[in-house]
Structures are given as structure tokens and as C-alpha cells.
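Undergrad: What follows is the residue order along each chain.
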Amino acid sequence: MKNLVSMKELSTDQILSILNQTKAFHDGTSSTLRNNYMVSNLFFEPSTRTKMSFEMAERKLNLEVLPFDAGFSSTLKGETLYDTVKVLESIGLDVLVIRHEQNNYFEELVGKVKPVIINGGDGTGNHPTQSLLDIYTIWQEFGTLQNKVITIVGDISHSRVARSNADALTRLGAQVRFVCPPEWQGEFEAFNNFDEVIEDSDVLMMLRVQHERHDGKTIFSKEQYHQAYGLTLEREKKMNKSAIIMHPAPFNRDVEIATELVECNRSRIFKQMENGVFVRMAVIEMILKGRE
Amino acid sequence: MKNLVSMKELSTDQILSILNQTKAFHDGTSSTLRNNYMVSNLFFEPSTRTKMSFEMAERKLNLEVLPFDAGFSSTLKGETLYDTVKVLESIGLDVLVIRHEQNNYFEELVGKVKPVIINGGDGTGNHPTQSLLDIYTIWQEFGTLQNKVITIVGDISHSRVARSNADALTRLGAQVRFVCPPEWQGEFEAFNNFDEVIEDSDVLMMLRVQHERHDGKTIFSKEQYHQAYGLTLEREKKMNKSAIIMHPAPFNRDVEIATELVECNRSRIFKQMENGVFVRMAVIEMILKGRE
Amino acid sequence: MKNLVSMKELSTDQILSILNQTKAFHDGTSSTLRNNYMVSNLFFEPSTRTKMSFEMAERKLNLEVLPFDAGFSSTLKGETLYDTVKVLESIGLDVLVIRHEQNNYFEELVGKVKPVIINGGDGTGNHPTQSLLDIYTIWQEFGTLQNKVITIVGDISHSRVARSNADALTRLGAQVRFVCPPEWQGEFEAFNNFDEVIEDSDVLMMLRVQHERHDGKTIFSKEQYHQAYGLTLEREKKMNKSAIIMHPAPFNRDVEIATELVECNRSRIFKQMENGVFVRMAVIEMILKGRE
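The listed protein sequences derive, respectively, from chains A, B and C. Per full-length UniProt numbering, the first sequence starts with residue 1, numbered consecutively. Per full-length UniProt numbering, the second sequence starts with residue 1, numbered consecutively. Per full-length UniProt numbering, the third sequence starts with residue 1, numbered consecutively.
If we strip away everything but chain A, and leave its shape as in the complex, we get:
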């Protein structure tokens, strides 16, 4: 593993190694990186949680984090992403975490530049550390992914998470199902009736309704969406005893999930964010160790 740009490139063994290293960091193990690495987080799209989660992971690994202000950078002067990255390589950055609106932006970088590239999200494509933290959260809960029934609910066609997760979860032995309105189904097979798949699910993974990606072409009011595809108090009662609720956040209260359920016993929403820091520590440490 020399970079991390998508789940596709990770073998099942590599995923399991990451889970174990994540657990080690979660249990308090310290980083054993030798050098004083320099990292920068290039977020060309807004994000609180992912950017700060990476930043926390980097601080805990004792990396030096150099701020990069995408809204104030030379890309405003028309510089290509490749040239920006070459500049940062020349300046001495060892690791670049990048979020960019263009799908597969990393193809012009990987193998052509020296810094480690970690994909923090590309357009509607990949978001591998989110997938890994989702997987870790399920693994932490059940000790395995084998035969777990995971139901992903919502805006599949616009979701990075759905695409990154589906394949990896399946490879790890889980059974993945989608639930969404027919209009958002895209290339995926999906159930259109949420209620028929609740009871036998081990995980309900609610996706964010991406208002900002629908360009005003809304097909549901918030209330309508909540009734048809949201996790209501009634639906929660039908979940099986050990089943858990997940959401990549930011969530829309009373749209994807009833506000009373955000912090309920079954909810792992904030746990996911806590786990994200340790997953990112594991990924960065393992890649840098591999290069030492």
C-alpha cells in the first residue's frame, strides 16, 4: 500500500491489517514512525469532520501539519492540481490528503509524484477512509463482517459511501442491500420499500440526502422523505435486538433519521467519527512505514 485512493486496490488481507492496526491505536498503542513527516490536507470541497478527523490523526502520529487554504490558493490563478501537488512535493510535503470534486482526480497524480496521496473523497466516486471506518465500526460491534446483513438506505447514486462500501463489505463476507427511491437507484439493484428489510438487518446504514447535489430537482419534501425512507421511531422499534444504526454524517435531523434516534442506544453515529481518527492513523502509519 503506497497510497490510498480507493477501496478497489485494497486486498481483503490489507483491510484486515488496517482493522487490526486501528484497534491497536484505539487501545492506546503509540505510533512508531521514525521521521518527522510533513503533511497537508488539500480540501477543495467543504468538510468539517473529515478534514478535522485527518488533522487529529496526523497530530496523534506526531506529523507536522501545514495548513492549505484551497479558497485562497494558486489554483485560483488557474494552476492544475498536478502542478499544485508538484509544488508541494518540491516544498517538502511527505503526505497529501486530498478532497476534490472531480471523480478520479488522483489518476493524474499516483505514480507521478513523490508524496503519499490519500483520497479524502473524489466527487461522487470514492471515500476509502470513510468506508474503512464504517467497516471498522461494524467489526468492532460484531467481531466479524461474515454473514452480517447490512442495509444501505438513501441517496445511493450521489453517495461516495455506497460505492466504496458495497464491494468491500461483500468481499469481507457481509450481505449488502440497498434501499432507495427508484429515481436515485442509478446502476444499483435496490429495494424501494424500506419496511420490508428492517427486521433482518444487522446494520441500517442511513445515507445523507445530498440536497446540494440535486440542483433544486427535489422529488420529495423533507417530511415525505422521512416517512418513506427515513429512520422513524416506528421503524427503529422493528429493528432486531442487536442491530445498530450508522450514518456517515452530516445528518439531516428528521429527514434521514428522527432527531430522537441520533443519540439512542443503537446509534453508532458519533462512534463512527471517533473511530475515523484511529482508522486514519492506521492508514497513514502503515503507508509511511511501508516507505521507510
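No lab work stands behind these hints: they were computed from the structure. Since the model is a prediction, treat every value here as computed from it, not as a measurement. Accuracy of the hints is not assured; some may be wrong.
A pair counts as met if it fits within one copy or between any two copies, since identical chains are not told apart.
The calculated DSS-like cross-link candidates involving lysine-lysine, where the alpha carbons are at most 27 Å apart (straight line), are [unchecked claim]:
no.	residue 1	residue 2
1	LYS112	LYS237
2	LYS241	LYS289
3	LYS271	LYS114
4	LYS114	LYS2
5	LYS271	LYS112
6	LYS23	LYS114
7	LYS8	LYS289
8	LYS2	LYS241
9	LYS241	LYS148
Dock chains B and C against the given chain A, drawing on the hints supplied.
TA: Frame of chain A; chains B and C shown alone:
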């Protein structure tokens, strides 16, 4: 003291403890915090001095400061402040300094989230570390607040400082008076003629004219304001020998204060900013120590 | 050297000292600064490379870097640059690196404020650390500046680099020539035909076409500029064997330089950026040492 959101919650003894701890830091005492705390400064309104003053205080206490870009955060996606704070709690932040335009924004946070909440200013409400640095500056000057005559001049109805300061100064034994145009008097009793209260004041505390809060409804030109309620060269000459000038800044030269007086012998304006760093160190250290 | 605001104030001996200290840092020498200095980079104009290059230099010198967000600062409330700097002085900053659109902004600061002022670019005026890294790159290449023929090509009248470089390079013994369209010649003597000066040049220093400073009054299409004043594949073939290509960046591919030449053997473009970090370390270290 588990958080600091307003002066109201601080007892007189607690204020005196903060003054003493501030002096200790000012005299070169080092922090004795045990842990490697993580802090972030959430400034939803512009501020150079307060944000950088907190950042400097945090660095001097050896806290790790994680940048938070309010203009680029998930609150843009409609996330509530509570949810943003829960995310930051999950990621591992120990202390959050927050400035927010909404009065009493902290009521939805205190007691409900784990990180320490320090109010860096809420709307037209509170700005407790500004009050404390004002109090410290007077205490440093005179050794006491008892019987000191403090005249607060200017835009009282829009000022956080006036509201936070008035009560606390009075509790510490000072005599507080307001001077302002009748139109800006709000709920306060005030003098409308500046000249009749200059000579017996120990402190003239000039407030910033909040152009940006008046929505164009200006009742004075800058020159008119300066003549009626500004500290002119003539007025400075009438001040008593040991009296000092204060201003929370940023100041408007030749509006609240004649440009020649900004750095005159009586001015404590830049001293206040220097003191602010030590006051913020004291507050953060005392709260974290109390939680250790 | 107590500040660094323009090349004019540096003696030839001081420039040579900086080159030697730069080489020492480049060769791996560590900083010997005693104190825990506080620095902030005040960039009122966009820049990735200069800001991050300074930030990297500061981290390598173990300075504490406090972020300053120009787009979110009190200058928005009408505060003067002098007052902002006095605030930062009061808060405890030791070094301020400033980029500002106003030519000679530093005249209201130098000698009047305590922090070290390092000019990161003023309007169309000076950019001394860029000049120094250009000089270092040539010195590194040829071991001397004596008798080197340096041809600066492009947008001279809008370029900080041309103005800062010309005099210093000449003082160090180089022969400096300009090439530009007559319309952009400004006060400089210049060749208007690029082709007649290629063969005997040791350095072709291509300048960025400052689209954003021409206010739409473009006199060339990109293709026309490239053909007349750009470094094309044909022109590169006419360069003498040991000659090198430089560009301060960000570059416009296929305008100032053919895209295939950006990373060719003769190109020192990314080398310049690498060198910039060591030059800035040298400047900051030497100024702070001089004050210790």
C-alpha cells in the same frame, strides 16, 4: 468553573483567583497541565485579535490547536451548532472556544457535551475573557478595583463589553458609569454629556462604534461622533493625573479616540491585548486543572 | 539585517552570506536558534507556494506558526495594517511575513514595530525572498554569478521578480537582459525579439503572464504570446548546452513555457521551489540570530 460562558456565573472570589493566576503567567510562571490537550477555536464571526490571542494562549499552555474554518465547514450544509460540537467531541477535542452571532448559543451546549466551552463572544451578549482582561488591566494599574470610577463611553446597546463588564466591575467595588447618545442607551442608565464625567474618572473605557451592526442607520458622521463622544486631545487634557484610557479594539482612529492618543502615556489599549493572552491562559488552565 | 523588505537594502556581502547559510541548511545543518519564536504569515493576496514555503521554513526552524486568516480578519472592519501589526506585536508575535497588494506597505511598519518584518511581496514592488531563491538557484548551478548572462522574459512591468532581481543580479556580476513586448516594457530597456538572445544566455528566466493584473486588456491570445515570447520546443533546442530554464511560478503551460519543457532536464522550476524553503530558513535564522 467547568466552562466559561458569561461573567454572571463567576463569583467574586473566582474572578480574584483568575486575576492572580493571570499575574502568575504574566510574571513568567509555566503551565503545569498534565495532559496533551486538544483545542479548536470556532469563530463564526470575524476576529483577528480575539482568535489569535486565544491561539497564543493555547500555544503557551502547550495545547495542540486544530484549525477550524467556519467559512468552509459543514455548518454550510445546515448542520446545527450542537451537532458540529458533538462531532468535534467525538473526534477528540478537549476544549472549544466559540464565537457565534447568536446570543446565548452556549445554552444548547453546556452540560450536554464533554469538551470545555469557552465563550469568545455571543452576539450582543457576553464576552467574558474581554471583561476579565479589562478587569485585570485596571487591577494591574491600581492594585484594586475598590472605589475606582470607571466611565464606559459609546455604543452601549451593541456592545458585548459593556454588558459583561458592568456587573462584574460593580461587584469588585468599582463605580461604573455609562456615557452615550440617548439613541444608543438601550436598557442602561447613562450620561449623555461626556464632558461632565471626565475629570473624576479613573478609567475612560471607550467602546468601538459598531458600524457593521447599525445597518446604515447612522445618526452621526464620524466627525460629529468624535466631537460629541470621542476622546479628543482637549478631553484628554482634562483627565486626572493617574487616569488611564482603555478600548477593546479594533478602534476607529479619530472616531472613538484621536489618533494621537492611541499610543499616548495614558493609553492601555495595546497593554490590554498583551494582558488578554495571560488572562486566557489563566482561564483555560484553571478549567482544565479543575477537570483533571 | 533587522528586517527584509527589499533587495536594495542588502549589501553584496549580505547576499553572499545568505547564499552560504542557505547551502548549509540545504546540506542538512540544523537551526541553532535559542528561543521559542512565534511567527505569523499575513497574506492579504492569494499564494500557495510562497505562503507554504515560508510555513515549511518556519516549521524546520522550530518556530511556532500562528495562523492568520486575512479573509476573516479585523482589517475587514477597517483596521489599518499598522494597527493590525501592533495588535500582533502586543499578542507576542516575534516575526511577521507579510504579502500585501500595496507597494511599499512596509514603510509604515519598519522601525515602528517590534516584530521582524519579512516582505513576502508588495504589489508590483519587491519580493526579496523570491529574488534570493532565484540567485541561489543560479549560484548552485554555476558556482558563481560572475559574467553569467541572464535573460528575463515576459511581463516585466507587472513583475515583482524582475524589479527585485535586476539590480541584485547585476551587483553580483551577472549580465541581465530583458525581453518583452514593447507594450509591457515599462521603464526598462528591453529586447523585443526573443530569438536573438537565446543562444548566448546561461539562464532563461521566464516570467508569469499576470492575467489577473491586466484587467482584460489583453494584447495577445495565449497562442500568440507563446509563439512570440514563450519558451517553445524550437527555442529550447537553440539554448546553449549548459543553459537552464527558470520560472517563479505559478506558470501557465503552453503560454510562457511549452508543457513538455516544464520538467525537462534544463528546467529548474521545481528546484527553485525546493530552494525557496532553505533560502527562507536562512533569512529568518540570520535576522533572529542578529537580534538575540
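Undergrad: Output the numbers, in ascending order, of every earlier hint that fails for this structure.
TA: 2 and 8
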